[in-house]
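Student: Listed below, chain by chain, are the residues.
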Amino acid sequence: AQTVTQSQPEMSVQEAETVTLSCTYDTSESDYYLFWYKQPPSRQMILVIRQEAYKQQNATENRFSVNFQKAAKSFSLKISDSQLGDAAMYFCAYRNYGGSQGNLIFGKGTKLSVKP
Amino acid sequence: DSGVTQTPKHLITATGQRVTLRCSPRSGDLSVYWYQQSLDQGLQFLIQYYNGEERAKGNILERFSAQQFPDLHSELNLSSLELGDSALYFCASSSGGLAKNIQYFGAGTRLSVL
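Sequence order for the protein chains is A and B.
As numbered in the working numbering, residues 17 to 132 make up the first sequence, in order.
As numbered in the working numbering, residues -14 to 99 make up the second sequence, in order.
These aren't lab readings, by the way, just hints derived from the structure by calculation.
Here the structure is a predicted model, which is why all the values come from computation and not from measurement.
Hints are all accurate, no fakes.
No more than 25 Å apart at the CA atoms, straight line, and that leaves these computed lysine-lysine pairs for DSS-like:
#1 A:K127 to A:K94
#2 A:K124 to B:K42
#3 A:K71 to A:K89
#4 A:K127 to B:K(-6)
#5 A:K94 to A:K71
#6 A:K86 to A:K71
#7 B:K(-6) to A:K124
#8 A:K94 to A:K124
#9 A:K124 to A:K89
Build out the structure end to end from the sequences listed, making use of the hints.
Tutor: So this is what it looks like as structure tokens:
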């Protein structure tokens, strides 16, 4: 079974600085998707960024980028120019590419605090 | 706003009771997923429906059941409630059942069992 591990329960960053959140996963599949979701205090789960495993190029969405290391099964999220609104729980998630089971498998999350 | 609507936002009930959580997916989305978020278990997949049919099951208890109706809205039924069922229940929808289809989450229903 696939598993997702986020080893940093909490992180803190100064406003305007850069922070990296770590995520490792375990799978025997070669094709899959990886995601980072953000959960602010409002509880809404918001997709931040998505990476297809077959793509070597790291995904980027504005201030958010990932470092995808397929061989190491590592998928970290870098937030540049951190803003107060980035404060939230961040969840790394995995999804198989094929098969009928399209559910997401989540890590335990990292709580990010942004200091003004 | 994700376009996924969950009702009610909050639910307080007693042990042994039965509740129904409702989810309206985004317009046009055929696939609905239910997840449970609790402090000890984290975010766990419960069940998936695609166009009215059950597609996949996760860690869903036998006391829980779900269905997806012809208009594509879905309901999650929780019965014989226990204190440990207190959690945030999310519904997510996607246009299809493929991995490339992004899942959009509702705001969740917070269930408190007293």
